Amino acid sequence: MRHLRRRRVVEEIPQASLPDLAFLLLIFFITSTVFAVEHGLPLVLPSATRSPSVTVEASEVFRVRGLADGRVTVDGSPATLEQITPQLRARNAERRALGQSELIVVVETHPDASYQTMVSILDRVRAADSRRVALQMLEEGP
Amino acid sequence: MRRRYGRFQRTVMRRYRIPTESMADIAFLLLIFYMTTAILRVEAGLDVDLPRAQNTMRQPQEQIAHIWIDAQGRPMINDFYVSYEEIAPILAAKLRANPQLIVAVNTDKRTRYTFMHRALAEMKKAEAVRVSFTTLPRAPGS
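Just so you know, the protein sequences line up as chains A and B, in that order. The opening residue of the first sequence carries number 452 in the numbering used here; numbering runs sequentially from there. The opening residue of the second sequence carries number 56 in the numbering used here; numbering runs sequentially from there.
Chain B with its partners taken away, still in its complex shape (with noise of 0.2 Å):
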């Protein structure tokens, strides 16, 4: 840009800068939105050790309730022991609260599958037919 300085023309240069001052906000807001979705996974209460698949698909959390087996056959929801028979009428609140409920079965590797068979006819009852079996990723190699 010239300006006009009498006799003279003088060039003013113009200094043009990224704005730095509310970088420290956006890195709050970023560290808060971690800070308040990070879950800090502790594993604790119940020991399942579940079983590893390859061929498995993403579960939608929002979707899912769970129930845990233990090595023992011990049924688990809501972190409450529960009794066999009790598993129907759970999930049939559950899946009047949301028809298209998943349940995630948490099974220790180790339990015997006599206990899993009663889960699922424990489930058929309630009519939560759509169950997802969790499992961890299959090792390399394995």
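One chain only, chain A, in its complex shape (with noise of 0.2 Å):
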């Protein structure tokens, strides 16, 4: 007598392709996430209730001038946004060797000036390793 044998047929996802498809889309994540990383110009601002108003020598300021047409002057003569990295370091390395303190920069902005203006005069300065910078607006400018 013959029986009939029945098969059972297992039936299953096959996962073997399972590590390949995750590391696939591990490296599209790897090579493609930016993490969001900020950079700027950092500056401590003085406090408008407890900075006491200090009164400086004209010798000990470097002015820097930020015009509305994006000129820029130094010490009032017309410069380049390149010729005040040099300056300010040789005016520096000059007090440093009578053993004087840096210099205060104050860069002055016209209020129709760009604020890009500002901001390039600023990077500048940070080149020059100048970290005493005061910011003003130019109450009457060309």
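There are no misleading hints in this set.
The calculated lysine to aspartate or glutamate pairs, modelled on EDC-like cross-linking and capped at a C-alpha distance of 20 Å, are: (1) LYS164(B) to ASP125(B); (2) LYS149(B) to ASP134(B); (3) LYS164(B) to ASP104(B); (4) LYS164(B) to ASP520(A); (5) LYS149(B) to GLU117(B); (6) LYS179(B) to GLU141(B); (7) LYS164(B) to GLU489(A); (8) LYS149(B) to GLU182(B); (9) LYS164(B) to ASP563(A).
Stretch by stretch, here's where chain B covers chain A in the computed footprint (C-beta under 8 Å, at least three residues): (10) 478-487; (11) 556-570.
Chain B is faced by these chain A residues, among others (derived, beta-carbon under 10 Å): (12) GLY491; (13) PRO493; (14) LEU494; (15) LEU573.
These are computed hints drawn from the structure, not numbers from a lab. In this text, all values refer to a predicted model and were calculated from it rather than measured experimentally. Glycine included, every Cβ here is placed at the ideal spot set by N, Cα and C.
Hints in hand, dock the two standalone chains.
In structure tokens, the structure reads:
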């Protein structure tokens, strides 16, 4: 007598390629992820209530002006942005040689000047490793 | 390893292998990490073209409060346009929660400096003196 034997077919989802798939997605995320990193020009502002006003001599000040049309002056003389860093470095080196403190950089920006003008000046001042910086707005300007 | 089987000595070869069963788990773990931490940056809503600078510093993300000022000089905090007079009380509240707060000013490079000056005055009023002017890296050769 012949018996019919039923074969049980086990159905399953093939999982052999699962690590490949996971690694593929992983590589995509690793290569495409951009971790948000903020860069900026840091500055500590004087407090409106706690910072006392100080009087400084004109010889201690390195005055950079950003004019409405984007032009720049250094201590009243026309200059380019590229000239700010070497001039400031040289003046600070002279003062250090004489045992004097670092110059105070006053960045005066015309109210109609673009923000980029101020940032460009501040960038060049930072390149000269100058940390004593004051921001001002020109009341009247050319 | 040698084992005795009667009179003969048979050498049994042991197979060493690195277990790879957990590979998929590791891959998915990393994948989930990247998927949850990745920030797909979609800058929409406020059109701010940041200025460029080179001598910047990386800012700690966890201590930053953002202020955005668009090209028309409209300030924005927490995704809402605010008036300049509202900046000081908002920042003062944030400073009470975190005294180490750094205010990152994201201003459009075309913005007139007078708006920036007003924002800085409000920050001083709120004693938010640690400021960072957010910039983009300067393009090479510029």
